[in-house]
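Once you've looked at the hints, dock chain L against the given chain S.
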Amino acid sequence: MKISHYLYIVLIIGAITMNSCEDPIDVQLESADALITVDAWINGNAEDQTIRLTQSQTYFDNNFTKGITDASVIVRRGDGEVFEFVGDGSGNYTWTSGGNTIGKVDDIFKLEVNANGDMLTSETKLNRVPIVDSIYQEFLDDFGLVDGIYIEILTRDLPGVGDTYWIKTFKNGVFLNRADEINIAYDAGFDSGAETDGFVFIPPIRFLLNPVEDDNPTDSINIPSYVPGDIARVEIHSISNDAFTFMETMRDQLLNSDNGIFAEPLANTRGNVTASSGNTVLGVFNVAAISASERVIDEL
Amino acid sequence: MLKRTIYLTLSLLFSLSLAAQEKVTINGYIKDASNGETLIGATAYVTELGVGATSNEYGFYSISVEPGTYQVEFAYLGFDSQILKIDLTENTKTDVELSVGGIAIEEVVVTGEAKDKNVTDIEMSVNKMDIATIQKMPSLLGEVEIIRSIQLLPGVTTVGEGATGFNVRGGSIDQNLVLLDEAPVYNSSHLFGFFSVFNPDAVKDVKLYKGGIPPRYGGRLSSILDVRMKEGNNKNLSFKGGIGSIFSRFAIEAPIVKDKSSFILAGRRSYIDILAKPFLSDDLGETVLNFYDLTLKTNYKFSEKDRIFLSGYIGRDNFGFGDAAGFNWGNGTGTLRWNHLFSDRLFFNNTLYYSNYDYQISFGDDSENAFDWNAGIINYSTKPEFTWFVNPKNIFRFGGQGIYYIFEPGNAIGISEGESQDFSLPSKYAAEAAVYLENELDYEAFKFNYGLRLSYFNYLGEGTAYTFGEAPLGQRRPPIGSEIFDSGESIQTYGRLEPRFSVRYQLSDETSLKASYMRTAQYIHLVSNTTASTPVDVWTPSTNNIEPQMADQVALGYFRNFDDNNYEFSTEVYFKNMKHLVDYIDDADLLLNQFIEGDFLDGDGRAYGWEVQLKKNKGKFSGWLSYTLARTERKVEGINNNEWYPSRFDQTHNFSLTGFYEFNDRLTLSTNFAYISGTPTTFPTSRFEQQGYVIPHNAGTGRNNVRIPDYHRLDFGLTLKGKDKPGKKFNGEWVFSVYNVYSRRNAFSIFFKPDTTDRIAPNEQVTTEAVRLSVIGNFIPAITYNFKFN
Chain S
-2 MKISHYLYIV LIIGAITMNS CEDPIDVQLE SADALITVDA WINGNAEDQT IRLTQSQTYF
58 DNNFTKGITD ASVIVRRGDG EVFEFVGDGS GNYTWTSGGN TIGKVDDIFK LEVNANGDML
118 TSETKLNRVP IVDSIYQEFL DDFGLVDGIY IEILTRDLPG VGDTYWIKTF KNGVFLNRAD
178 EINIAYDAGF DSGAETDGFV FIPPIRFLLN PVEDDNPTDS INIPSYVPGD IARVEIHSIS
238 NDAFTFMETM RDQLLNSDNG IFAEPLANTR GNVTASSGNT VLGVFNVAAI SASERVIDEL
Chain L
174 MLKRTIYLTL SLLFSLSLAA QEKVTINGYI KDASNGETLI GATAYVTELG VGATSNEYGF
234 YSISVEPGTY QVEFAYLGFD SQILKIDLTE NTKTDVELSV GGIAIEEVVV TGEAKDKNVT
294 DIEMSVNKMD IATIQKMPSL LGEVEIIRSI QLLPGVTTVG EGATGFNVRG GSIDQNLVLL
354 DEAPVYNSSH LFGFFSVFNP DAVKDVKLYK GGIPPRYGGR LSSILDVRMK EGNNKNLSFK
414 GGIGSIFSRF AIEAPIVKDK SSFILAGRRS YIDILAKPFL SDDLGETVLN FYDLTLKTNY
474 KFSEKDRIFL SGYIGRDNFG FGDAAGFNWG NGTGTLRWNH LFSDRLFFNN TLYYSNYDYQ
534 ISFGDDSENA FDWNAGIINY STKPEFTWFV NPKNIFRFGG QGIYYIFEPG NAIGISEGES
594 QDFSLPSKYA AEAAVYLENE LDYEAFKFNY GLRLSYFNYL GEGTAYTFGE APLGQRRPPI
654 GSEIFDSGES IQTYGRLEPR FSVRYQLSDE TSLKASYMRT AQYIHLVSNT TASTPVDVWT
714 PSTNNIEPQM ADQVALGYFR NFDDNNYEFS TEVYFKNMKH LVDYIDDADL LLNQFIEGDF
774 LDGDGRAYGW EVQLKKNKGK FSGWLSYTLA RTERKVEGIN NNEWYPSRFD QTHNFSLTGF
834 YEFNDRLTLS TNFAYISGTP TTFPTSRFEQ QGYVIPHNAG TGRNNVRIPD YHRLDFGLTL
894 KGKDKPGKKF NGEWVFSVYN VYSRRNAFSI FFKPDTTDRI APNEQVTTEA VRLSVIGNFI
954 PAITYNFKFN
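Protein sequences appear in the order of chains S and L.
Here the first sequence stands for residues -2 to 297, numbered as in the working numbering.
Here the second sequence stands for residues 174 to 963, numbered as in the working numbering.
There may be inaccurate statements among the hints.
Below, computed lysine-lysine pairings styled on BS3-like, alpha-carbon distance capped at 30 Å [said to hold, decoys possible]:
no., chain 1, residue 1, chain 2, residue 2
1, S, 168, L, 926
2, L, 431, L, 413
3, L, 926, S, 63
Since the hints were made in silico from the structure, they are not lab data.
Just chain S, same shape as in the assembly (with noise of 0.2 Å):
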């Protein structure tokens, strides 16, 4: 559980009377080779999915990434049943769906990429995924928050100890992406110590359905909280084990500069793809199931 985000706030008021400050500043880096990444978060309903494979690029290099276009890339199930993934000549590999879903709960997958003369290959299980029952709106005018109207889930975790899931929202279809509305649950809680097994999730976890205000209000990409006639649409993702280990890593990456003097130092994520070079591969294969629920925002 990380309880550096809240003493951030408390140093903020002690960094009034500190004047700390930051600067971007120019530093050397050590050079390194580019590693294959593989961005394979498919899911199990009746749609076309889509694989990525990329390259890793320098920290300080601002270039979009560029795509692997000449692998081949299948998905086994189980049963033996193959799903090709044809590439478009841009890094993203796509499986049509025709109006087939790729499987069911409790499938097992395994992906196979041949790409740069490396074999990699990763296997998972899609998992289930409570039910979305029902968002609800409530106005807030609480400390530290702006005036307004906030979403929440009353979704409960089933019961079983070690389920892992992504809760997704999307706000008039645009998916909330800030690093810090990454929402993340193991069980109903934070983590694997926390022992919040069948409880309905914590508070933290069913409030993280709304947009973070930016630094920069003013932005075209700001995102304000929600308004009447917002559509709100939240999903629940079930993701494996070794998938949430991944994005905890990543989460806390992504915004430990906020944790100033009590930064965590900086921690490799741990990838689900292994390549038959021994070469380390980034990133994770995970096949999802999606429960989702949607709501018009009403007038209070």
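Same frame as chain S, now just chain L:
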């Protein structure tokens, strides 16, 4: 074997006491004449025989000599010496009161000890700071700061500005035993690491042992910071205080029964919140931000042979945001000490203490949705100790300690839509015990202090002991079994022998060589994986999965005084080897995790370095210069490909200069300058994309592969005292200070992140950059007014 050792020791003690029987003893207390405070480390010296004694932590001295008439000189630096002609035919008790030196210019600022103590004393790797010196040093926001002051000593480092605690010779912050009147203080900071919990108005003496730790101290690997509180003026009522930028302070001391009993009560409170209130909008107006501490000490002299001291401390930091959230933490300690003289030469002290650190966090303002969380550590201890002054050249100390610990790793209750969920972890219990024997022996040009500490730790029920399975290196180990233990049942025990040895060889009156070896064991550990430790970090006992930390350290030193002890020079080299240091897997869950031990890694450490210090004690200009060349490394299975890597507080060069210039009786200028090599940190090499997020990755050499820029800083302080007239009771002084004079933005750390924290539109290019975090980005001027009434 053990029996034989005991037998030999006892017969040695017995024969020594027989040999000493024909002698007579002069003993007593050495005190400050102005307020009756006992003086620690003052000397009594028998001129004719060339032997002497140093007063102990309670101001007590004892010298046994052949009967005769002697001239005894009592001295303490900064005070006028007193020479008494004493006819010693029988045991004599002589209490001496020394007066502060007449000429202010001659006041010794660096140390308050015997003049040639640097050279003649057995102690090495020890720094003593008297509170008068600390008070004169320029400081952040004008607040007199004990912990930040010791960070200017050789061998002491910190991970950065504002970080709590300090690192001694490559040790982590939990390897320092910080004692306030013998009770451990588990978190020594207010406002994270900016201010320490010690109120300078109540502190008498500060001593830091970095090595050569005598057997009477134990429980931590790297250092002992021994802070002793004042006893209280037993002559007359006096008070002092100050108004500063952060704290206001007030202390009152007075005799209760003249020359028998006195007290001191000292308090501080910050008032940022009070000052800020008018400027905050309505809902921010409910913000609470304050910290305070209160120190009380009293003593009572029952007879010439019995005296008790009772001291207590409470301190708390409070943060609150209306009803929505609150966070507070603090320490509490209580110490009861009884000094008893069994004979003229056998001094006894028993200390009973209680110490507690805890924090509370709460969220939520209604009964339907709330989260309350608290955690802490409590301990109770008794510590009897005998000091036997056999003769001026032979002192024995022996005693023991018992500690009972209660660890509260986290009690958390979440109420969600009225449904209550309990995430609490069960308390853990442990007992620690130690016995020790220590002998200080003068033999011609040699002086020895050697001894043995035998320590024992018992991790107790009730509780559940988990066993963990295998996992790839550096990854979480899954729990595979558990066993339940009843209350008081022993889950795991550890015993460790800790030999300690120091020797001084005096080459001349002005020169000596010293060497020391120590082995130390540590049974409790602070669980923290952030750069700076946070107030929510919890302590954990050694368990069936966590072994006690161990360290061996050797140090060699050369000590030389010049110009009639006006200049003191010392240089030391040390090597320290550490085993079973606690470390953690990447992304460890260290809070509210019942399987926390599965996230622990067991590591080794080593530290070595060269320290130099030159002090000038007298004259208009005084001060000291320190330089340390050091290396501190860690090796942990599962981190950095199992290779050695520099620790986060490794500083190759650490130079500091502290100087004082007294223009006249009223005006003193002080300055600090520090230059410190950049500390290591881990930089990424690459970035990759996953689900639209841009993630840093280190494909290179691993942990702490790059250094942040060097740190340097200059501070000035100016103290202007009011005019002093004979008989004037009220005295005031103004202290002006400027911290970070040339506004250097020293890096605390460097972060790598997208150049905006704003939302990124789909298909928008993501720019990543390096950002330097400077905790203090500007020069900080401050004014403090201090006053005292005698």
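Here's how the hints hold up against the structure:
About 25 Å separates the Cα atoms of residue 168/S and residue 926/L, which keeps this hinted pair within 30 Å; it holds. Pair hint residue 431/L plus residue 413/L holds up; C-alpha atoms about 20 Å apart against a cutoff of 30 Å. Taking the CA atoms of residue 926/L and residue 63/S, the gap is about 20 Å. The hint holds against a cut of 30 Å.
When the structure is compared with the earlier hints, no violation turns up for any of them.
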